[in-house]
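Participant: So the chains spell out like this:
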Amino acid sequence: MNVTLFIPCFVDSCFPQVGMHMVRILERLGHRVTCPEAVACCGQPAFNSGYWDEARIVAGKTLHHLQEAEAVVIASGSCGAMLKVFYPQLYAGRPEEAAAQRLSEHTWEFSDFLVSKLGVTDLGARFPGKVTFHDGCHGLRELGIKSGPRKLLEKVRDLELIEMGDAETCCGFGGTFAAKFPMISTAMGEVKCASAADTGAEYMVSNDSSCLMHLQGLLSRQGKPLKTLHLAQILDSQ
Amino acid sequence: MSNAAQQFLEAAGTITRNLRHRGLIQTALRKYEVARDRKKSAFNDWSSARQSAAETKWDAINHLDTYLTEFTSKIEARGTKVHWCTTGPEARDTIRGIIKDAKAKCVVKSKAMTAEEIHLNEALEKDGFEVVESDLGEFIVQLRKEPPYHIVFPAMHLTRDEISDLFERELGSAPTREPEELTMIARRALRRKYIQADVGITGANFAIAETGMVSITENEGNARLTAALPRVMVTLLGIEKILPKLEDLALFLPLLATAGAGQTVTGYNTLYGGPRQPGESDGPIEWHVVLLDNRRTELLADPEQRDALHCIRCGACLNVCPIFRNVGGHTYGTTYSGPVGSVITPHLRGLQEWKHLSNASSLCGACTEACPVKIDLHHHLLQNRRNAVGDSPSWIERLAWRAHAFAVNTPALYQFGQEVARIVEPLRLRLQGTPLDPVKSWTRTRDLPPVAPESFKEWWRNRR
Chain G
1 MNVTLFIPCF
11 VDSCFPQVGM
21 HMVRILERLG
31 HRVTCPEAVA
41 CCGQPAFNSG
51 YWDEARIVAG
61 KTLHHLQEAE
71 AVVIASGSCG
81 AMLKVFYPQL
91 YAGRPEEAAA
101 QRLSEHTWEF
111 SDFLVSKLGV
121 TDLGARFPGK
131 VTFHDGCHGL
141 RELGIKSGPR
151 KLLEKVRDLE
161 LIEMGDAETC
171 CGFGGTFAAK
181 FPMISTAMGE
191 VKCASAADTG
201 AEYMVSNDSS
211 CLMHLQGLLS
221 RQGKPLKTLH
231 LAQILDSQ
Chain P
1 MSNAAQQFLE
11 AAGTITRNLR
21 HRGLIQTALR
31 KYEVARDRKK
41 SAFNDWSSAR
51 QSAAETKWDA
61 INHLDTYLTE
71 FTSKIEARGT
81 KVHWCTTGPE
91 ARDTIRGIIK
101 DAKAKCVVKS
111 KAMTAEEIHL
121 NEALEKDGFE
131 VVESDLGEFI
141 VQLRKEPPYH
151 IVFPAMHLTR
161 DEISDLFERE
171 LGSAPTREPE
181 ELTMIARRAL
191 RRKYIQADVG
201 ITGANFAIAE
211 TGMVSITENE
221 GNARLTAALP
231 RVMVTLLGIE
241 KILPKLEDLA
251 LFLPLLATAG
261 AGQTVTGYNT
271 LYGGPRQPGE
281 SDGPIEWHVV
291 LLDNRRTELL
301 ADPEQRDALH
311 CIRCGACLNV
321 CPIFRNVGGH
331 TYGTTYSGPV
341 GSVITPHLRG
351 LQEWKHLSNA
361 SSLCGACTEA
371 CPVKIDLHHH
381 LLQNRRNAVG
391 DSPSWIERLA
401 WRAHAFAVNT
411 PALYQFGQEV
421 ARIVEPLRLR
431 LQGTPLDPVK
441 SWTRTRDLPP
451 VAPESFKEWW
461 RNRR
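Protein chains in written order, with this note's numbering: chain G, 1 to 238; chain P, 1 to 464.
You may find that some hints are simply not true.
Unchecked claim - Keeping only pairs whose Cα atoms sit at most 25 Å apart, straight-line, the calculated SDA-like set for lysine to any residue is: (1) K61(G) <-> R28(G); (2) K224(G) <-> H21(P); (3) K31(P) <-> K61(G); (4) K180(G) <-> Q26(P); (5) K180(G) <-> T434(P); (6) K146(G) <-> G417(P); (7) K224(G) <-> R444(P); (8) K180(G) <-> K31(P); (9) K146(G) <-> V34(P); (10) K180(G) <-> V34(P); (11) K61(G) <-> G417(P); (12) K180(G) <-> A35(P).
Simulated from the structure, these hints should not be mistaken for laboratory data.
Just chain G, with the same shape it has in the complex (with noise of 0.2 Å):
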């Protein structure tokens, strides 16, 4: 299959091993990956801002760009959602609706791509130590998501994979929402850590990197020793 793989800007810029473990993921899979370089954002944060004139800048660029694709996966639960879910809102009513709506029909999260898509749970990583996995919000419920990625992490062997309580409760990064209430996103990080902590894992693990940037800052600031990982370094890890 043609791969046409999104790397929003964050990951692009902060996170690339993440888009690099996706690719030689797919790539073993035997299926052939594009990356458009032009594609750099899905306009999701002007967009939950309420302008939603400047966020059809930018989606119209990644409209553009990704509208023949034969699939289009991406490294982010939250700006799956984006692509999925709002596209079509944005643009109803408008002429670029019909291709959003098929935009939204062939856009894959990357782990529901491998599960609901491919049909592969087993992609024969072994990654020795305990993990948590953390829920991403949009990923959870815009798109449906929760099952494909403990199913893949259940495969991955020497991984012991515990549940933490309050999985499904949003981790408070909220996209400019941590920037705008920071002292509320922050407490939300912290009730969310502990929740991980309890459990004794080493590792949370989700598949977005957006929420685990905010919980590794907070991590990371407060000395903890628990560490974030997005779900691709754990499938290509061996």
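Fit chain P to the supplied structure of chain G, relying on the hints for placement.
Facilitator: Same frame as chain G, but now just chain P:
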């Protein structure tokens, strides 16, 4: 920034650092979740129950004109006086008039968020009437002279010790840590008031169009006494409380109890159809039903967010909201807090003044998932944000988002930005913790990941 927004930020800043508050609320609401999930499993299919409830409410709200007239004509036929009030002040004046006509001195009141909404108690107290809250939680917060913390659990932010201290101070009771004993202290104080009161004011959970009845659910029996003992009964309710048929209660009563408090069904469920009828020996001589609009019809006129009128005030969205669980009910500064409050307050009290509540959300969607009548709560927050910008855009923000769009849409500029971020990183780290830090809203509590030496796209290019 509006005054309300400023107050919200200040209150949130203080309370989120209060770890005792955080622990108290998180513990209480985790217990609620366990109880709720246990009761949810008693439904054959919780999701179809929600769907069915949403469809019933959709019918009720989309035919509000018909159902309201059906309700009022039925209830008037049994001698009830119905008052239609467009605004809060109009409803307040109506109720003041009823109390004055009854030559009442003491008023006893059961729980009614609509009364909070129109600031009824303050108005009546200003007129010299004594108003006593008969719901235990409301009684406690009234003694503390503060608004309810939560629409269902008004005093959930207080510990037994704090309540005991309050009763000792205000009622002269002996200190105790036993909930039963605390309840008895309040009951002894309240029973005297029921006997003295000339007027009883209640809220309503549902108004049944088919039979012309008001349904009130409660756990303490206080609403029954409030309705039954005084000569005059006043029921204040929002016009959205309508349900088409009596049989709808078969779903809505357990749904409300389960979603709201993790109960199979609330302790006391009463239907009121009119004042004392000829030949009856008890009940109020007069019953006044005050129907409140207070801009609900403006929400009704918004096809995108009309479903917010489905709300049965169960509080489920507050209970699961991670924002509510960290900032608590008082921080909102509104009658209706939590997600539903953030959705409807801009409609009820002005978008520009209250838009900050729609921004103060991570849009996680836990509220929408929990709502028993399927209000699309978190998407309405997004729409409020869009509408607030549409009505009154900030030109600085608009310019910033245009600049952002230009930067991410221009690969050379985007790469240049990454390069600049790498170069200034040592300087940024030196500024971290000082007022000059340009990203201090992030870095005050969190480390910021640096831009990687090689971005994904650079790796991708080099690889090919």
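Participant: Against this structure, judge whether each hint is valid.
Facilitator: Evaluated hints:
1. A distance of roughly 30 Å separates the Cα atoms of K61(G) and R28(G); the hinted pair therefore is violated under the 25 Å criterion.
2. In summary, the hint linking K224(G) to H21(P) is supported, as the alpha carbons are separated by about 23 Å, within the 25 Å threshold.
3. The hinted pair formed by K31(P) and K61(G) fails the criterion: a straight-line CA distance of about 48 Å is larger than 25 Å.
4. At roughly 23 Å between alpha-carbon atoms, K180(G) and Q26(P) fall within 25 Å of each other, so this suggested pair holds.
5. Of the pairs offered as hints, the one joining K180(G) and T434(P) holds, with about 19 Å between alpha carbons and a cut-off of 25 Å not exceeded.
6. Between K146(G) and G417(P), the direct Cα distance comes to roughly 36 Å. Violation of the 25 Å bound is thereby established for this hinted pair.
7. Distance check on the hinted pair: K224(G) and R444(P) sit about 17 Å apart at the alpha-carbon level, within 25 Å; holds.
8. At most 25 Å may separate the alpha-carbon atoms for a hinted pair to count; K180(G) and K31(P) exceed this at roughly 31 Å.
9. With a C-alpha separation of about 20 Å, the suggested pair K146(G) and V34(P) falls inside the 25 Å cut-off, and the hint holds.
10. Pair hint K180(G) plus V34(P) does not hold up; C-alpha atoms about 32 Å apart against a cutoff of 25 Å.
11. Taking the CA atoms of K61(G) and G417(P), the gap is near 19 Å; set against the 25 Å cutoff, the hint holds.
12. For the suggested pair K180(G) and A35(P), the alpha carbons sit about 34 Å apart, so the restraint of at most 25 Å is broken.
This entry does not satisfy hints 1, 3, 6, 8, 10 and 12, going by the numbered hints stated previously.
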